[in-house]
Amino acid sequence: MNWTDERVEKLKRLWSEGLSASQIAAQLGGVSRNAVIGKVHRLNLPGRAKAGGSIATNRAAKRPAAAAPRPQTFAARPATRPVARPVGATALKEEAEFEISQELVYRPASNVVLPISRKLALTELTERTCKWPVGDPLTDEFHFCGCESPDNSPYCTYHAKLAYQPVNERRRPSAARG
DNA sequence: CCCTGATTCGC
DNA sequence: GCGAATCAGG
1 MNWTDERVEK LKRLWSEGLS ASQIAAQLGG VSRNAVIGKV HRLNLPGRAK AGGSIATNRA
61 AKRPAAAAPR PQTFAARPAT RPVARPVGAT ALKEEAEFEI SQELVYRPAS NVVLPISRKL
121 ALTELTERTC KWPVGDPLTD EFHFCGCESP DNSPYCTYHA KLAYQPVNER RRPSAARG
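Our numbering applies: residue 1 is where the first sequence begins, and numbers increase by one.
Misleading hints may appear alongside valid ones.
[What the hints assert, rightly or not] Cut-off 30 Å, straight-line C-alpha distance, at most; resulting in silico cross-link-like pairs (DSSO-like, lysine-lysine):
1) Lys10 with Lys119
2) Lys119 with Lys131
3) Lys12 with Lys131
4) Lys131 with Lys10
5) Lys12 with Lys119
Source of the hints: derived by calculation from the structure; they are not laboratory data.
All chains, please: the whole structure from these sequences, using the hints.
Here's what the structure looks like:
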């Protein structure tokens, strides 16, 4: 993944908007935050005052990302009857949930930077956009990640890494030692 | 420890 | 020029 003019411009824009290097790396895809920082310096872009400097800046910059629809817990509650949920839900929906029920609930790994979903519809996807589905296909909220996907990957860097992990497969509590 | 950017240095 | 490794800080 090389620094095309396009990507450099995006880098400049996001950097000037105050996104952190790791955030920018997530948006660009295919590069590490170190790569972003290195490039920023080579471009002689204005730095961030002092290292870690104003975290306030970073926090503020992050907010939009948080506001964006987190690729929220995308999977599915077990067949155990849907808890209290807006019952606009149809029988069809319940059926769908039943079929995919694996007793798995996916959540983003804690140490992974979420890309900001571009919320593309199916018809808006191209070969270069992440095709990771977000949300419930039976609602209007449903969309695709749409972030730039590196290489020939169908997914952005984040989703390609399978950042989603089944909660119940994470870290056994004890495995006691001694 | 989590995160941040800064710097170094082999490639 | 690039970016992993490392450093220094919040």
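How the hints compare with the structure:
Note on Lys10 and Lys119: the hinted pairing holds, with a Cα-Cα distance of about 18 Å set against a maximum of 30 Å. The suggested pairing of Lys119 with Lys131 holds, with an alpha-carbon distance near 10 Å, which does not exceed 30 Å. This hinted pair checks out: Lys12 and Lys131 have alpha carbons roughly 26 Å apart, not beyond 30 Å. Simply put, Lys131 and Lys10 have alpha-carbon atoms about 21 Å apart, close enough for the 30 Å limit, and the pair holds.
Of the supplied pair hints, the one linking Lys12 and Lys119 holds, its CA atoms being roughly 23 Å apart against a limit of 30 Å.
Taken one by one, the earlier hints all hold for this structure without exception.
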